[in-house]
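Peer 1: The lines below spell out each chain.
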Amino acid sequence: MFYQILVNGLIAGAIYALVAAGFSLIYSTVKFVHFAHGGVIALSAYMLYLFYSMLGLPFWLAAIVAILSGSIFGVAIDYFIYRPLRKRRASPTIILVASVSVLLLLESFNLIFFGADVKSINFLDIGTGLTLGPVIITSLQIFIVASSISLLILLFAFMKYTKMGKAMRAVADNKSVAEIVGISSERIYTWSFALGSLIAGFAAVLIALEQNIEPTMGTALMIKGFTASIIGGVESVAGGVLGAFLLGLAENLGIWWLPSSYKDAIAFVILFIFLLFRPEGILGVKKSNK
Amino acid sequence: MLSAYFIHLLILIGIYIILALALQLALGYSGILNLGHIAFYGLGAYTSALLALSGWPFLLCFLAGGAVAMGSAFLLSLITSKIKGDYLALVTMGFCFVIYSLMLNLDELTRGPLGLPGIPRPTIFGFSFSDNFSYLILVTIIAGLVYLIIKRITDSPFGKLLEAVRDNELAAKILGKDTFKVKTFSLALSAFFAGLAGSLYAHYITFIDPSSFSLMQIIPIASIVIVGGLASLPGTVLATVVLTLIPEALRFVGFPSSILGPMRQIIYALVLLLILIYRPKGFFGKVELE
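Protein sequences, first through last, are from chains A and B.
Our numbering numbers the first residue of the first sequence as 1 and each following residue consecutively.
Our numbering numbers the first residue of the second sequence as 1001 and each following residue consecutively.
Chain A extracted, bound-state conformation (with noise of 0.2 Å):
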């Protein structure tokens, strides 16, 4: 029972990874809120929904338009939104309202085009699980487990070794300097909105195959997301994933004695914990002017 839920906690723990990753890499660089990343999310699963079982693509085809379009949302929305407020210098706290409301004008774009109800992509078969000793798991799983690690490797590689990566750090550790040696950072907060959009494409077809598309899934991974940030450290990527596996195995110990309709409470109640008592979160550093 003990290894099955430090399995379950590792198969949520990916998941929130990747919801995590997308929104600490743009955190990182912005410095505001992204709410609206959840938003992001689901749009993306409903795109896969709309090509893969409404217009007959190839699951491939469609997974690829799905990870794509969350991209493009994604720099839709700075373009659109973000950007202006940043022109006439608006606070963080404004920004992080505004993303709020686009998380809610995502949610009822869902509501009209696609229904209250709950879709699924019956692309794969979920029933069935591999018993690997004491514990039971899907395929399905054992492919999110790995292609979310793989992915993150990736996104460190990217980060550490390549031009751009290096790019993002450097207005991420100071705007100022960064433009100095000729870095536009506007250009940069444009690449991380693309990148941590395309993860956020990835991560929704890997959730539209193991849960269910609905239209508030946004609201409810985002807050995953974003509890899993703070847990590690918003600053960083590295910990945004830290944080992600440690809440994965919280939430599926917590329901070990709690109704699990009380997880999105386990994951709050962390948030209150470390907002109050180290907002910097477990990687982060503390900064004295704060």
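Calculated directly from the structure, the hints in this document are not laboratory data.
Hints may contain errors.
What the hints assert, rightly or not - No more than 25 Å apart at the CA atoms, straight line, and that leaves these computed lysine-lysine pairs for BS3-like:
1. A/Lys87 x B/Lys1286
2. B/Lys1177 x B/Lys1160
3. A/Lys87 x B/Lys1177
4. A/Lys31 x B/Lys1177
5. A/Lys175 x B/Lys1177
Unchecked claim - Ranges between beta-carbon positions, derived for each pair:
6. B/Ile1007 x A/Thr190: 48 to 56 Å
7. A/Leu132 x B/Arg1251: 53 to 61 Å
8. A/Met164 x B/Asp1155: 49 to 57 Å
9. B/Ser1054 x A/Pro134: 44 to 52 Å
10. A/Ser260 x B/Leu1075: 24 to 32 Å
11. A/Val118 x B/Arg1251: 21 to 29 Å
12. B/Thr1206 x A/Met164: 39 to 47 Å
13. B/Ser1054 x A/Ile142: 50 to 58 Å
14. B/Asp1209 x A/Ser260: 28 to 36 Å
15. B/Pro1256 x A/Tyr161: 52 to 60 Å
16. B/Leu1075 x A/Asn122: 43 to 51 Å
C-beta atoms are modelled at their ideal positions from N, C-alpha and C, and glycine is treated no differently.
Guided by the hints, dock chain B onto chain A, whose structure is given.
Peer 2: Chain B in isolation, oriented as in the chain A frame:
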């Protein structure tokens, strides 16, 4: 027929005016970015409904609704005394989500997602407000009283102190003012009025369920407060009337009722985004949101 519908709208507007004025006190006058305002509204509604269903007289239920909301605001203020800005906004959102989870999960008390039906219409000193017209009078009187009380407070020296804390907390501290006490008082009073609004809502509709008090319900109220303008009471009232009536026009254009709800949310989200981008002071505002 039309007049019955009109009375219904006026009652909702009255309840919304109380809710928006309450948020105005915390957000506009005291600068507390409380995105969890709906939690107080919900606590007021549930407290009042549960007490009324167990046989308490309306006036006591009504005041208890306000008092419970106030008590929770006091606790929230205690735990958030050290944080501000977007972190505070996030913790208040988290608070709202925790309250929502409790409504959904405390089955024995709240009947979870089934909601509480059969909440009695109020009776005060033997007079029953069972028809909508008399209920409208009740709501109008209470909304008027709340308006006068908030106006009295914000015009008083204490109101100026609130604004001083909003504009420059450090300066207010240097002048020897206990800014924590000031903000706690403001948030608690704001929650009290929101709780009263919740009670009026519950006894009017006679049925409540958690969906009326979800996190995203903050967007309509925040739109009203920001569109009307921070620290403007007449602006808030006018914005409530206008923003409640605009989505109603959709009903007459002939949209099916299943998309009316999401359409309404889209309107509120768009209005809020546009005002944040193009006119952050709102229409009658004295200060900008920070």
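Peer 1: Against this structure, judge whether each hint is valid.
Peer 2: Here is what the structure says about each hint:
no., hint, result
1, A/Lys87 x B/Lys1286, "22 Å, holds"
2, B/Lys1177 x B/Lys1160, "12 Å, holds"
3, A/Lys87 x B/Lys1177, "36 Å, violated"
4, A/Lys31 x B/Lys1177, "32 Å, violated"
5, A/Lys175 x B/Lys1177, "37 Å, violated"
6, B/Ile1007 x A/Thr190: 48 to 56 Å, "51 Å, holds"
7, A/Leu132 x B/Arg1251: 53 to 61 Å, "56 Å, holds"
8, A/Met164 x B/Asp1155: 49 to 57 Å, "56 Å, holds"
9, B/Ser1054 x A/Pro134: 44 to 52 Å, "48 Å, holds"
10, A/Ser260 x B/Leu1075: 24 to 32 Å, "27 Å, holds"
11, A/Val118 x B/Arg1251: 21 to 29 Å, "27 Å, holds"
12, B/Thr1206 x A/Met164: 39 to 47 Å, "59 Å, violated"
13, B/Ser1054 x A/Ile142: 50 to 58 Å, "52 Å, holds"
14, B/Asp1209 x A/Ser260: 28 to 36 Å, "20 Å, violated"
15, B/Pro1256 x A/Tyr161: 52 to 60 Å, "54 Å, holds"
16, B/Leu1075 x A/Asn122: 43 to 51 Å, "47 Å, holds"
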